[in-house]
Each structure stands twice: as C-alpha cells, then as structure tokens.
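Protein sequences, first through last, are from chains A and B. In terms of my numbering, the first sequence opens at residue -16 and continues consecutively. In terms of my numbering, the second sequence opens at residue 12 and continues consecutively.
If you are wondering where the hints come from, they were derived from the structure by calculation, not from laboratory data. Check before you lean on any hint, since a few could be wrong.
[Stated by the list, open to error] Covered by chain B, according to a simulated footprint, are these stretches of chain A (three or more residues, beta-carbon under 8 Å):
#1 17 to 29
#2 50 to 59
[Unchecked claim] Below, in silico cross-link-like pairs of lysine to any residue (SDA-like), each with a Cα-Cα straight-line distance of 25 Å or less:
#3 Lys48(A) with Ser71(A)
#4 Lys114(B) with Gln(-11)(A)
#5 Lys53(B) with Asp47(A)
#6 Lys(-10)(A) with Arg33(B)
#7 Lys53(B) with Ile46(A)
#8 Lys53(B) with Gly23(A)
#9 Lys80(B) with Lys53(B)
#10 Lys114(B) with Thr60(A)
#11 Lys53(B) with Ile(-5)(A)
#12 Lys(-10)(A) with Thr100(A)
#13 Lys69(B) with Thr100(A)
#14 Lys53(B) with Thr27(A)
#15 Lys53(B) with Glu37(A)
#16 Lys114(B) with Gln20(A)
#17 Lys114(B) with Gln81(A)
#18 Lys114(B) with Leu97(A)
#19 Lys114(B) with Ser71(A)
#20 Lys69(B) with Pro29(B)
#21 Lys(-10)(A) with Gln34(A)
Using N, Cα and C, we set each Cβ at its ideal position, and we do this for glycine too.
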Amino acid sequence: SAVISQKPSRDICQRGTSLTIQCQVDSQVTMMFWYRQQPGQSLTLIATANQGSEATYESGFVIDKFPISRPNLTFSTLTVSNMSPEDSSIYLCSVEDQTGPLAYEQYFGPGTRLTVT
Amino acid sequence: AQSVTQLDSHVSVSEGTPVLLRCNYSSSYSPSLFWYVQHPNKGLQLLLKYTSAATLVKGINGFEAEFKKSETSFHLTKPSAHMSDAAEYFCVVSRAGGTSYGKLTFGQGTILTVHP
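All chains, please: the whole structure from these sequences, using the hints.
Listed below in structure tokens is the structure:
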C-alpha cells in the first residue's frame, strides 16, 4: 500500500498570508487528489492533480485560491492563498494506487490541520 | 452525478451489541462503494469496498457491508461493538472501476459512540 506523508502536520497562520502544503508518496502514482475537511464536516474534493497536466478543480474551488503543483509522480503541493478564517480546515492529500489488474485503492495522508487567525 | 446520504449523524451502542450504520447512494453509473473510518486525530482508513463482485463485502475489524442495488443502500454492520470502534465513519461512492475510481464523493459521516 502507498504510504503518504504531509508537511506541515498543522499550522496556525495569519489572515492574508499563504501556506503551502506538501504531499509525498513512497511510490509512483498517476492520480493524486486534494481534499478539504472543514470543522465538523465531511471531506470535499478540491482538485485532481495528475502529473504532466493542469490540476482539475471542482466547483467552488479556483486555481488562484488553491494553486497546485505536481512536478513528478511522487510529490504534490497545495497552496492556500490569501487565507481567511474560513479556510481553517484539515487538508488531505490522497492517491490512487494500482494494486493489481483492474484493482485500485485510494489512500489518504494524515492531513494538515490549518488554523487561520 | 453521484451522491451519498448517511442516514444517522450519530449512533450510540453498548459494547458487545450490534452496530448498524446506514448509507444510501445515488449514482448515474454502476458505483463502487467504500466505508472509511476516521479515529480522532488520525488519518482515514479504508474499512471495506464494493466493486461489482460479491454483494456482501467483508472488511477489517469484523465489519461487513451489503450492497443492495434495489434499495440503493450499502449499510455497514458489525455483530459486536468494541470500545475501539468509536470513531467517525464515512460512506463513499465513486464511479465504478475499470481503469480507476477517480473522484470520491463522501457522505456526511456518522459518529459512532460505544458505551461500556
């Protein structure tokens, strides 16, 4: 199974600043995803990040606010720009890993807990 | 389009009694369905998944779920709750495999409390 690490694990930031979250996978994967989990809420997909192409954003999320990089098959970053208290959430990276013929698993990182003051 | 509805936001059981967490789904495609568990301050862990094979799916820690297409349901059960089962559980749907699952759509979550 893919092992995912995220940095930082948590941060407290001031409004108006930006934070870049890193996601590192221990194997090469094609599909990576970024999710947000607001306090007391479920997970919402922000964007899909495939290596070699622009990230695909879900409705309600835009590149200027959440720029994503995917420079290779094991790494991605998500930046939360011009932060406001409403951006306080847990941000999770996930990957899809092929485990066999026509068999896939999705794994999640431990998350980055962001508090904006 | 796909969506998931978890019918209970909170479920409380006594240790040793059965657990039932209810989930209904909607999908324009043949779905893949999952249950994930999230313990406090821990990451998400896959409990089990349905991907168009057997309709009764067994997962880790004694959990199982049954896919019922006629009822569009995928309820999670466990015969006997353990204190360590206390966590939040998410029912998740995605487009059926083939090449990949792609985008996951999460339900709102059910918090399971287990009393001694």
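Satisfaction of hint between isoleucine -5(A) and lysine 53(B), Cα-Cα up to 25 Å: holds (19 Å)
With a cut-off of 25 Å on the C-alpha distance, tell me whether lysine 114(B) and threonine 60(A) pass. holds (18 Å)
Check whether three or more residues of the stretch 17 to 29 of chain A sit with their beta carbon closer than 8 Å to a beta carbon of chain B. It holds: at least three residues are needed, and the stretch 17 to 29 of chain A offers 5 whose Cβ sits within less than 8 Å of chain B.
Would the pair lysine 69(B) and threonine 100(A) pass a check requiring their Cα atoms to be no farther apart than 25 Å? Roughly 44 Å separates the two Cα atoms, so the pair is violated.
For the pair supplied as a hint, lysine -10(A) and glutamine 34(A), is the alpha-carbon distance within the 25 Å limit? Cα-Cα ~20 Å, so holds.
Below or equal to 25 Å on CA atoms is what counts here, so check lysine 114(B) against leucine 97(A). Holds, at roughly 23 Å.
What's the verdict on lysine 53(B) and glycine 23(A), does the C-alpha distance respect the 25 Å limit or exceed it? Holds, because 15 Å separates the two Cα atoms, which is no more than 25 Å.
For the pair supplied as a hint, lysine 114(B) and glutamine 81(A), confirm whether the alpha-carbon distance does not exceed 25 Å. holds (15 Å)
With the threshold set at 25 Å, check whether the alpha-carbon distance from lysine 114(B) to serine 71(A) stays at or below it. holds (23 Å)
Does the structure keep lysine -10(A) and threonine 100(A) at a Cα separation of 25 Å or less? holds (20 Å)
Tell me if the straight-line CA distance from lysine 53(B) to threonine 27(A) falls inside 25 Å. Holds - the C-alpha atoms of threonine 27(A) and lysine 53(B) are around 18 Å apart, at most 25 Å.
Decide if the proposed pair is consistent with the structure: lysine 80(B) and lysine 53(B), CA atoms, cutoff 25 Å inclusive. The given pair, whose Cα atoms are some 32 Å apart, is violated under the 25 Å limit.
Comparing the model with each numbered hint stated earlier shows that hints 2, 5, 6, 7, 9, 13, 15 do not hold.
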